[in-house]
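Participant: Single-letter residue listing:
There are 2 protein chains.
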Amino acid sequence: MATSFLRDVLCAYPETPRKLIEAIEYSLLAGGKRLRPALVIESWRACDGPEESREAALAAAGAVELVHTFSLVHDDLPAMDDDDLRRGKPTNHKVFGEAMAILAGDAMLAMAFEVVARHAPPQVAAPLIRELAHATGPQGMIGGQVLDIEGENQTLSLDQLQDIHRRKTGALLTGACRLGAIAAGATQAQLDALTRFGHHLGLAFQITDDVLDVTSTPHQLGKATNKDAGKGKNTYPELLGLDGSRAEASRQIASARRALDAFGSSATSLAHLADFVASRTS
Amino acid sequence: MATSFLRDVLCAYPETPRKLIEAIEYSLLAGGKRLRPALVIESWRACDGPEESREAALAAAGAVELVHTFSLVHDDLPAMDDDDLRRGKPTNHKVFGEAMAILAGDAMLAMAFEVVARHAPPQVAAPLIRELAHATGPQGMIGGQVLDIEGENQTLSLDQLQDIHRRKTGALLTGACRLGAIAAGATQAQLDALTRFGHHLGLAFQITDDVLDVTSTPHQLGKATNKDAGKGKNTYPELLGLDGSRAEASRQIASARRALDAFGSSATSLAHLADFVASRTS
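Those protein sequences? They're chains A and B, same order as listed. Following the numbering used here, the numbering of the first sequence begins with 1 at its first residue and continues without gaps. Following the numbering used here, the numbering of the second sequence begins with 1 at its first residue and continues without gaps.
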């Protein structure tokens, strides 16, 4: 669903230079878990979003995947994490060169906002765009990436580590849940509950990411492993041990599921997504 | 005016990591001509924008400067134009490092859309954001940068050169004029006229840029000169000669001014901006 919507989105840019659209397609349609668009759609469903708001929710889902993909392409750059492998394929700059990877990322970020402004009615597009920009921007995901780079080779406390991850990974995951709620015209109580859900889910996601970095092979993960230690990054396994990290991830998932209590059966799929986050192997 | 608005915009991000906000401020508040925000405001004025739409116009003006500054920071990167000097100061990555320059640019792009979504009423925020994203994205400025890189060391026709510049420089200049018109609630005829104005202004701007690259000193221009020849870039002086280029710039400015005829005295300041573009020395 998300992939076919993203294909349609790309068709709306017929005058794009061929090489640029190839670079965008390469990363955007490369598969991946599509977790963030699923969070948008399932949060919208949990809030009983009316049928006429479906296109706004779909647009927000596509936008979140565009933002996520932009961030992967830029994070992989030599000046940043300098990664050669992503989702089992060479990273964008390895195939298209650094300049094109920077520009493809830039283009996807602009497209994310355009998709929402184009497909959602104005009254909901404006709050969706504020939410998306907030989750993405200097206080959210991008700010988290800055803190992550600054924290390399420094010893951080658990609080500091959680602040980095609350932004770097958590902001967009929480933002995805909130976008679905906003598209559905959720109540403040629903929005607050999904914000808590996203917060705990984000922490569980990052802990699992750190654990997989230590315990997986590059083949399983589709990207390099044991990167964190090599870069002097602070991780949960280092602070809490492997078993301690797994236990903490389970606690966060339990908290995430509790945040869904008030939604009843509408949130069954969201709860399954939470379980998937903790049990994933890639 | 634009600078104080931009300072206010930055105050809305108190949780931004200090280094990131420093990198953003360094480029965003570095001066510059502020031509694009002025085009937004003066186009709004030419269309007799009502007082209650002033904040939307200001937001669009700030957003355009954010987008312009993001593009300069990324264009200056080693993987792109590899420039050391901008507005008479070391480029962003020279001061803050490549990773921070990439992230500061990313943050400014996200902030541009947030500013509009936050300060303009929803009914006008959505069309403003569509316009801004279109001017910025894969078919606009970013697409133009791709074509510019691809055209290096190739011989281009005048038509091909104009297509590159229509996107790379022209899209955001035209977009600025259109944003002012949209904020003002302009008629279709006014929007069309300002689109023509922006188109001719953009060409004049780029021709003058190419001429200044050949005829100025780095001290006058605040950035390296004679760059185009060194990079095998196609330029107007190369295709038309210096005198021919100056004559073509004058023709474009005359066309731009003619597009303003229907606005009468409301467009006096816009006409002055056009003259400034052709006569500028930096």
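One thing to keep in mind: the hints can contain errors.
The list treats identical chains as one, so a pair stands whether inside a single copy or across any two.
List time: in silico SDA-like cross-link candidates among lysine to any residue, alpha-carbon distance up to 25 angstroms [claimed, not checked]: (1) K19 <-> A189; (2) K19 <-> R196; (3) K227 <-> E98; (4) K94 <-> S255; (5) K19 <-> E150; (6) K231 <-> S266; (7) K19 <-> N153.
These aren't lab readings, by the way, just hints derived from the structure by calculation.
Participant: For each hint, tell me whether it holds in the structure or not.
Facilitator: To see whether the hints hold, each was checked on the structure:
no. : hint          : result
1   : K19 <-> A189  : neither (46 angstroms within a copy, 36 angstroms between copies)
2   : K19 <-> R196  : neither (41 angstroms within a copy, 29 angstroms between copies)
3   : K227 <-> E98  : both (21 angstroms within a copy, 20 angstroms between copies)
4   : K94 <-> S255  : neither (40 angstroms within a copy, 45 angstroms between copies)
5   : K19 <-> E150  : between (34 angstroms within a copy, 9 angstroms between copies)
6   : K231 <-> S266 : neither (42 angstroms within a copy, 59 angstroms between copies)
7   : K19 <-> N153  : between (38 angstroms within a copy, 17 angstroms between copies)
Checked against the numbered hints above, the structure breaks hints 1, 2, 4, 6 and satisfies the rest.
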